[in-house]
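S.K.: Let the sequences and hints guide you as you build the complete structure.
6 protein chains.
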Amino acid sequence: MSNPSSDLQNFRESRQIMNEKILDLDHLGIKRFFNLDTNTYRDGALPSQTKELLGLVASAVLRCNDCIDYHLEQCAASGSTKEEIIDAMNVALVVGGSIVIPHLRHAVQTIETLENEGAL
Amino acid sequence: MSNPSSDLQNFRESRQIMNEKILDLDHLGIKRFFNLDTNTYRDGALPSQTKELLGLVASAVLRCNDCIDYHLEQCAASGSTKEEIIDAMNVALVVGGSIVIPHLRHAVQTIETLENEGAL
Amino acid sequence: MSNPSSDLQNFRESRQIMNEKILDLDHLGIKRFFNLDTNTYRDGALPSQTKELLGLVASAVLRCNDCIDYHLEQCAASGSTKEEIIDAMNVALVVGGSIVIPHLRHAVQTIETLENEGAL
Amino acid sequence: MSNPSSDLQNFRESRQIMNEKILDLDHLGIKRFFNLDTNTYRDGALPSQTKELLGLVASAVLRCNDCIDYHLEQCAASGSTKEEIIDAMNVALVVGGSIVIPHLRHAVQTIETLENEGAL
Amino acid sequence: MSNPSSDLQNFRESRQIMNEKILDLDHLGIKRFFNLDTNTYRDGALPSQTKELLGLVASAVLRCNDCIDYHLEQCAASGSTKEEIIDAMNVALVVGGSIVIPHLRHAVQTIETLENEGAL
Amino acid sequence: MSNPSSDLQNFRESRQIMNEKILDLDHLGIKRFFNLDTNTYRDGALPSQTKELLGLVASAVLRCNDCIDYHLEQCAASGSTKEEIIDAMNVALVVGGSIVIPHLRHAVQTIETLENEGAL
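Chains as they are written, first to last, in the numbering used here: chain A, 75 to 194; chain B, 75 to 194; chain C, 75 to 194; chain D, 75 to 194; chain E, 75 to 194; chain F, 75 to 194.
Certain hints may be false.
No distinction is drawn between identical chains; accordingly, a pair holds when it is met within one copy or between any pair of copies.
[Stated by the list, open to error] Below are the DSBU-like pairs computed for lysine-lysine, each with C-alpha atoms no more than 30 angstroms apart in a straight line:
1) LYS95 with LYS156
2) LYS156 with LYS105
3) LYS105 with LYS95
Keep in mind that the hints were calculated from the coordinates and are not lab data.
M.R.: What follows is the structure in structure tokens.
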């Protein structure tokens, strides 16, 4: 079993480096999409905290571990508790079925790392 | 263009009739799944209202109009406003991309019907 | 609620007409794919009956009603019973989650029509 | 079998009415997404004609009939021939598998309607 | 190329550790889902052996390597031969298209490891 | 962060070894599918160069990194420029949504490796 803590740290670094390279491509459509994506989770009719949970569940049913990790961090940062995050993941599990289980395993590893970091 | 109001009413009736036929099949696994599904959206660490929004966004990114209609009704019944529902659909649109747009069109039709019925 | 029996009959007719038009396009790659597809479900290491159940479950988790209808007919024709078909659909429901439920409703309608026709 | 020609006309009208209602919701994120979506297919490093074929194949493997219809119209309008469109659909069929076949049937119906209208 | 044999062993260990952590979360809905999932593949109208093949094909078309590995082990344990498993994977390939090929490569690696272990 | 250059080299070697093992299975259906897949991207009504871009976008919206890497190599080999490839990936991003972003990051890493190799 690999080290979940350094896995998450590697993902964070790789994500930042590659996002910068993507913006450096200077493709206007891609830059606008990234800007739109960031703004989506700002407080609006729904608070940011709820929208990060929506992003987490969408990522889980679409089965994207990198997206799950990113939204788990944002859920913790916007004030959701571990119990609320697990309850959201249960919705993803029931909607998306057993095919979501490997991603639930991944999420629980990341949640543990965030707890160890004091971020959750 | 068909009549969205009678479309929604047809869906409700068809959904109820067919769900009864499914439970009449008397397959223990299927019956337990339906029971589990219902319980998922009850108040827990997250309130039912939030979980219905999670169900809505999961249904939208997985692109299932029947599931969207069902969760729109439940979102309205559990106290979400039209503005909150639209803000949740925007998360689904950005996560899921332009392929979600036809389902956003469908959702906006159903939202209008729910408003006309006084349910939203 | 529309008439499931005539819905299935319409699907059969439309499917045959359109498949002929597709083959008339005379695109070699498409013709070879259709030929390959037909041969897939012939007796091999696994009997045709089992492979039609595999095709049914694949269609259900990928959530394609037309494909479900086609494989339900082939499952019935290759000797599976209603109980076996329902047990296969339960696997699809658990793997694919509640998003499969509308397709389970559709399948149960088609199964009823096949029973009424004496085909199952 | 329903009337493919009026089906396409209904889709066009419904699409326009609902898109206007969506923009009337006045959600900034949604409006920006629609704007971004439109700009995506303008001439850039790749010509619009190629990008509409890319949009068609993406719609086909993601199995969205409304999106297929929209991009078929745009492919015809931007100068692709029927033979080129069919060759693009063959790529979608091989990448996406037999689950794409019902959408290929739908596409061939729409192509026929576009031919009858003199648009292709 | 990594070592497929130790990859599979790592997956088994990680899967067991993480499943225990998931059950330790003590979320009733998640625990019931796991229980339901296990029961799905027990002998019913269809024998366990057939249902494991259904689970394998569902996992392959939904493109989940961890799920493929799990069901390959269960297929071998419930008595399917290598030839039957390959014939099932061919159904997944034709239904799901060339996008399934990387998962077919993964499956063939795991099958080889199971053969080397004497499990298949 | 792992080494993208050796990652791509490992993928190439693993892909070749495993494809040979798949063909050695001697399953007629699988062999015919692989043959069909190869022929799909040959010059036809559309040139190979355009069809590789179609394969790339289909792979990106279906979110398969191995398929993205393969088609990136083929896009470069068939004469597409980096700017054209990025413009195609932007279509995939808008159609497929933010869930495609991790695969865009992967693609940009591979594009950089192909540039370093002088292949793009």
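S.K.: It remains to establish, for every hint, whether it holds in the given structure.
M.R.: We went through each hint and held it up to the structure:
no.: 1; hint: LYS95 with LYS156; in the structure: between (33 angstroms within a copy, 14 angstroms between copies)
no.: 2; hint: LYS156 with LYS105; in the structure: between (33 angstroms within a copy, 17 angstroms between copies)
no.: 3; hint: LYS105 with LYS95; in the structure: both (11 angstroms within a copy, 27 angstroms between copies)
Checked against the numbered hints listed earlier, the structure breaks none of them; every hint is satisfied.
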